[in-house]
Amino acid sequence: MPLLQVSGLTKSFGGLMAVHNVDLAIETGQIMGMIGPNGAGKTTVFNLITGIYRPDRGQIRFDGRNLVGLAPHVIAEAGIARTFQTIRLFPNLTVLENVMAGRHCRSRAGVVAALLRSPRQRAEEADIRRQAEQQLRFMNIWHFRNELAKNLPYGDQRRVEVARALATAPRLLILDEPAAGLNEQESAALMALIRQIREMGITIFLIEHDMKVVMGVSDRVVVLDNGSKIAEGTPAEVQANPQVIEAYLGREDEERISYHV
Amino acid sequence: MRDLFLRVRRLPGRYVSPAFLVAALLLPVALDNYLLAVLWQAGIYILMALGLTIIVGYAGLFQLGQAAFYAIGAYTVAILNLYLGVPIILGLPIAVILAGALGYLVSRPILHLRGDYLAIVTIAFGEIVRMLLVNNVFGVTGGANGLSGIAQLSLFGFTFDSIVKNYYLVVACVALTIIGVQRLENSRLGRAWTYVREDELAAEAMGVDTVHVKAVAFVLGSALASLAGVLYASRITVISPDIGRFLESVIVFCIVVLGGTGSLPGVFLGAFGMVVLPELFRFVKDWRDGLVGLAMVLMMIFRPAGLWPSRRVALELSGAEEGET
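These protein sequences, in sequence, are chains A and B.
Residue 153 in the numbering used here sits at position 153 of the first sequence; the count goes up by one each step and never skips.
Residue 95 in the numbering used here sits at position 95 of the second sequence; the count goes up by one each step and never skips.
Keep in mind the hints are simulated off the structure, nothing from the lab.
Since we're looking at a predicted model, the values are computed, not measured.
Please note: incorrect hints may appear among the correct ones.
Unchecked claim - Restraint ranges, calculated between C-beta atoms of paired labels, are given here:
{"no.": "1", "chain 1": "B", "residue 1": "V164", "chain 2": "A", "residue 2": "L116", "range": "27 to 35 Å"}
{"no.": "2", "chain 1": "A", "residue 1": "Q85", "chain 2": "B", "residue 2": "H212", "range": "22 to 30 Å"}
{"no.": "3", "chain 1": "B", "residue 1": "D289", "chain 2": "A", "residue 2": "G39", "range": "50 to 58 Å"}
{"no.": "4", "chain 1": "B", "residue 1": "D32", "chain 2": "A", "residue 2": "V74", "range": "23 to 31 Å"}
{"no.": "5", "chain 1": "B", "residue 1": "L280", "chain 2": "A", "residue 2": "N140", "range": "52 to 60 Å"}
{"no.": "6", "chain 1": "B", "residue 1": "L280", "chain 2": "A", "residue 2": "Y154", "range": "34 to 42 Å"}
{"no.": "7", "chain 1": "B", "residue 1": "H212", "chain 2": "A", "residue 2": "M200", "range": "24 to 32 Å"}
{"no.": "8", "chain 1": "B", "residue 1": "A19", "chain 2": "A", "residue 2": "N183", "range": "52 to 60 Å"}
{"no.": "9", "chain 1": "A", "residue 1": "G155", "chain 2": "B", "residue 2": "V284", "range": "58 to 66 Å"}
{"no.": "10", "chain 1": "A", "residue 1": "T86", "chain 2": "B", "residue 2": "V140", "range": "52 to 60 Å"}
{"no.": "11", "chain 1": "B", "residue 1": "V140", "chain 2": "A", "residue 2": "L116", "range": "50 to 58 Å"}
{"no.": "12", "chain 1": "B", "residue 1": "P304", "chain 2": "A", "residue 2": "N146", "range": "21 to 29 Å"}
To be verified - Footprint (simulated), chain B over chain A, 3 or more residues, beta carbon under 8 Å:
{"no.": "13", "stretch": "164-176"}
{"no.": "14", "stretch": "186-197"}
{"no.": "15", "stretch": "227-233"}
Said to hold, decoys possible - In silico contact screen, one side only, chain B against chain A (beta carbon under 10 Å); selected entries:
{"no.": "16", "residue": "N145"}
{"no.": "17", "residue": "G149"}
{"no.": "18", "residue": "E204"}
{"no.": "19", "residue": "M206"}
{"no.": "20", "residue": "V208"}
{"no.": "21", "residue": "L220"}
{"no.": "22", "residue": "V284"}
{"no.": "23", "residue": "D286"}
{"no.": "24", "residue": "R288"}
{"no.": "25", "residue": "D289"}
{"no.": "26", "residue": "E316"}
Note that the Cβ used here is the ideal one computed from N, Cα and C, for glycine as well.
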């Protein structure tokens, strides 16, 4: 059984069909890439899976469990963590505090425990911190731990976002354009990192425009165009697919025409 | 280096609270009963404002009906005491829990909406409560005249029947509340409030049940206002619907904002500015409210983050300004 199974996924905003009848299956331990021209509906698919939008039609099953209609925090707790296309850190908190957020759904202490500072609550707090620190070390941002997130360079902010997502102990990690804004060297490091995360047993689903990254790291790639899936396969298969080539090149033609008009 | 700097900056802070507490404990020696009563009154407002700090300062929600929960606390112990003979000490937990439950019921359906809706709903709730009290709901609130003859708080045969005793009672409540609020702030829940305030969607996506943590803040804040109402009713022993006026909610809100939203020392400064100073300046009579208003306007121009801003909220405010330009 695939870890994530999406079938017939459909979502429209007003009259615009953002995602139309998309089927997807991601096996445990896979790295799945998703590509497509701007506006193809890639981020909408992510937002549907993580519960930020509710699909009009279709099914989303994670490890056999139906995710449709669940709140985002329940989905995070179920084991799906994500990053955002436009970085969404907590800008005025330190890097450590940001990453500690990921531990929230893995800890329990409530009002009474906090008021009484019970041994159990203190042990849990220490654990939250330790786990967060572990992710900081893994992502190589330990030296930034006491800096405010907003003061970090762009590339490092992306690392904090990944660390925060990893802190939730996900089984599926969803990355929305992780290489955006990174230079070539940073992209290469990112690819190594993505593979390393997979080695830890975490399945990965990523949107990426940087073809070098997405083709280099993915086991399989799906291609979205105008909200519909037009191709799926290994990177080599997808690159050779005439429909994919047309979607990319054809779109560029249209854009050029509309640009001049 | 940065760690060292932070440690140095925090050093005096560690002595502020104990020094403040000692001063508070010694004040009755130096002050007459009138001034003590003013400080007692300020203490009641501080309790309400601490509750509002959780709601507004920590969770970032608007709540403009804090006086309604204060009135609910006062009327609950009064009604239980006058009609059923329940002693104040037993009515107190009932009043606090009732206010917390009402806080939940009022806020829960609208917590997923933007903050301004919550402000409107809480204003409306405050007016509903006041009108119910004025109209003698269930025939137990005494209408516009209110209730009188409420018993004083008594614990194991010790009755809080003087201003000095009540002053110490309020000081103890405030001190315990401060400890509790600080512990909450530095806990998993406190961090969750900050995450929600900073970026609600990101918090939700990272597994924070944002509606739940906001509801918890609302319940705690409402319960604290109710506690303040209980302490008020049991010393004054006479209450009227006026204690639930919208103006009272505004005063509590101003205490929080004036002192610095989310800042605990700020609550004390705010209460001093909004309660103690106007009381001491009673002799300027009709000018008083105007001067308070003028002071608020000047404050918002020259110190928008408050008198003693919370470091974090100050950052957020400056960030917002950067964003606008």
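Right, here's what the structure says about each hint:
For the pair V164 (chain B) and L116 (chain A), the supplied restraint of 27 to 35 Å holds, since their beta-carbon distance comes to about 31 Å. Range check, Q85 (chain A) to H212 (chain B): about 27 Å between beta-carbon atoms, so the 22 to 30 Å window is met. For the hinted restraint 50 to 58 Å between D289 (chain B) and G39 (chain A), the CB-CB distance of approximately 57 Å keeps it satisfied. Separation of D32 (chain B) from V74 (chain A) is about 59 Å and departs from the stated range, judged on CB atoms against 23 to 31 Å.
Between L280 (chain B) and N140 (chain A) the CB atoms are about 58 Å apart, so this pair conforms to the stated range of 52 to 60 Å. Between L280 (chain B) and Y154 (chain A), the C-beta spacing of about 54 Å breaks the proposed range 34 to 42 Å. Between H212 (chain B) and M200 (chain A) the Cβ separation comes to about 30 Å, which falls inside the hinted range of 24 to 32 Å. Taking 52 to 60 Å as the suggested C-beta distance range, the pair A19 (chain B) and N183 (chain A) conforms, at roughly 54 Å.
The hint said 58 to 66 Å for the Cβ distance between G155 (chain A) and V284 (chain B), and at roughly 60 Å that hint holds. Range check, T86 (chain A) to V140 (chain B): about 56 Å between beta-carbon atoms, so the 52 to 60 Å window is met. Distance hint check: the CB atoms of V140 (chain B) and L116 (chain A) are about 36 Å apart, inconsistent with the given range 50 to 58 Å. For the hinted restraint 21 to 29 Å between P304 (chain B) and N146 (chain A), the CB-CB distance of approximately 27 Å keeps it satisfied.
Under the rule that three or more residues need a Cβ within less than 8 Å of chain B, the assignment of the stretch 164-176 of chain A holds, with 3 such residues. For a cut-off of 8 Å, the count of residues in the stretch 186-197 of chain A with a CB near a CB of chain B stands at 0, and the three-residue condition is violated. Remark: the stretch 227-233 of chain A is not confirmed as covered by chain B, as 0 of its residues place a Cβ nearer than 8 Å to a Cβ of that chain, below the required three. Annotation: interface hint on N145 (chain B) violated; nearest CB of chain A at approximately 38 Å, more than 10 Å.
Violation of the interface hint for G149 (chain B) is found here, the shortest Cβ-Cβ separation to chain A being roughly 35 Å, above the 10 Å cut-off. The interface hint given for E204 (chain B) holds, since its Cβ lies 5 Å from the closest Cβ of chain A, which is under the 10 Å cut-off. A distance limit of 10 Å between C-beta atoms decides the matter here; for M206 (chain B) the minimum to chain A is near 5 Å, and the interface restraint holds. Checking V208 (chain B) against chain A by beta carbon gives a least distance of about 5 Å; that is within 10 Å, so the hint holds.
Residue-level restraint check for L220 (chain B) holds (minimum Cβ-Cβ distance to chain A is 7 Å; threshold 10 Å). Interface restraint check: V284 (chain B) against chain A, minimum CB-CB distance 41 Å, threshold 10 Å, status violated. Annotation: D286 (chain B) was flagged as interfacial toward chain A, and the flag is violated, the nearest CB pair being 43 Å apart, outside 10 Å. Given the 10 Å rule on beta carbons, the hint for R288 (chain B) is violated: about 38 Å separates it from the nearest Cβ of chain A.
With 10 Å as the threshold, the beta carbon of D289 (chain B) stays out of range of chain A, its nearest partner Cβ sitting at about 36 Å, so the hint is violated. A distance limit of 10 Å between C-beta atoms decides the matter here; for E316 (chain B) the minimum to chain A is near 5 Å, and the interface restraint holds.
Of the hints listed earlier, those the structure fails to meet are numbers 4, 6, 11, 14, 15, 16, 17, 22, 23, 24 and 25, in rising order.
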